[in-house]
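Asks: Line order of the protein sequences matches chains F and G. Sequential numbering from 28 applies to the first sequence in this note's numbering. Sequential numbering from 9 applies to the second sequence in this note's numbering.
Hints are all accurate, no fakes.
Quick list of the computed label-pair ranges, beta carbon to beta carbon: (1) Pro88(F) <-> Gln10(G): 18 to 28 Å; (2) Pro123(G) <-> Leu110(F): 33 to 43 Å; (3) Ser92(F) <-> Arg71(G): 34 to 44 Å; (4) Lys71(F) <-> Glu69(G): 25 to 35 Å; (5) Lys71(F) <-> Ser36(G): 16 to 26 Å; (6) Thr26(G) <-> Lys94(F): 45 to 55 Å; (7) Asn44(F) <-> Ser38(G): 38 to 48 Å; (8) Tyr37(F) <-> Tyr62(G): 34 to 44 Å; (9) Tyr62(G) <-> Lys71(F): 21 to 31 Å; (10) Leu110(F) <-> Glu69(G): 37 to 47 Å; (11) Gln41(F) <-> Ser88(G): 45 to 55 Å; (12) Ala30(F) <-> Tyr62(G): 20 to 30 Å; (13) Asn70(G) <-> Gly55(F): 19 to 29 Å.
Take a look, some chain G residues computed to stay more than 10 Å from chain F by CB distance: (14) Thr13; (15) Met19; (16) Val21; (17) Gln22; (18) Tyr33; (19) Asp34; (20) Ser36; (21) Glu69; (22) Lys78; (23) Ala80; (24) Ser88; (25) Val121.
Please keep in mind that the hints were generated in silico from the structure rather than gathered at the bench. Even glycine gets a Cβ: it sits at the ideal position worked out from N, Cα and C.
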Amino acid sequence: DTAVSQTPKYLVTQMGNDKSIKCEQNLGHDTMYWYKQDSKKFLKIMFSYNNKELIINETVPNRFSPKSPDKAHLNLHINSLELGDSAVYFCASSQEFRQGDEKLFFGSGTQLSVL
Amino acid sequence: AQTVTQSQPEMSVQEAETVTLSCTYDTSESDYYLFWYKQPPSRQMILVIRQEAYKQQNATENRFSVNFQKAAKSFSLKISDSQLGDAAMYFCAYYIYNQGGKLIFGQGTELSVKP
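Take the sequences, apply the hints, and build the full model.
Replies: This is the structure:
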């Protein structure tokens, strides 16, 4: 069973469209994250949620809206897509740190291409 | 601001040889975690090794070991007996508790392994 699964793996769309990426984890973790990997492979955090509550919003444009219906799911909705949004988006999860075996588990990524 | 620096954009090693990837970080925290993640062409983020800052003993995982120098804020990764499957992008990362808890990544080092 995949620990952190995100769909779709590839997403090609036109500028101005709205799209969503879904993420689910079956590890029982309380914390989930969205990371963006740009064309130079640099990874930067966008959001984190702990038990459905937004914890980190790292100066991401308002066009990006995360939604966590429960602690096992964290979806990312993007409005009015722009060329600069083209990147690989990773979902990740972790249990709360300082409780042992601290590490982030990553999904396989969604490669978003905006044309 | 917390930063992670990997000064080697690319490294190359002969199969069966040993290679060391460098990483330095900047923080005023005393309690944190350090990680090395591997990203092969499949795009999957794979945890290689992690180190708790309060532990003086260097972490090891089979052929992978770290040299953790807390005072120098240095966290290098040594890969022994390099294999073709080790070819990947390697990211050093630092987990900070403040501001909600997040993993901050370095720029990455692209490792190639020559047969």
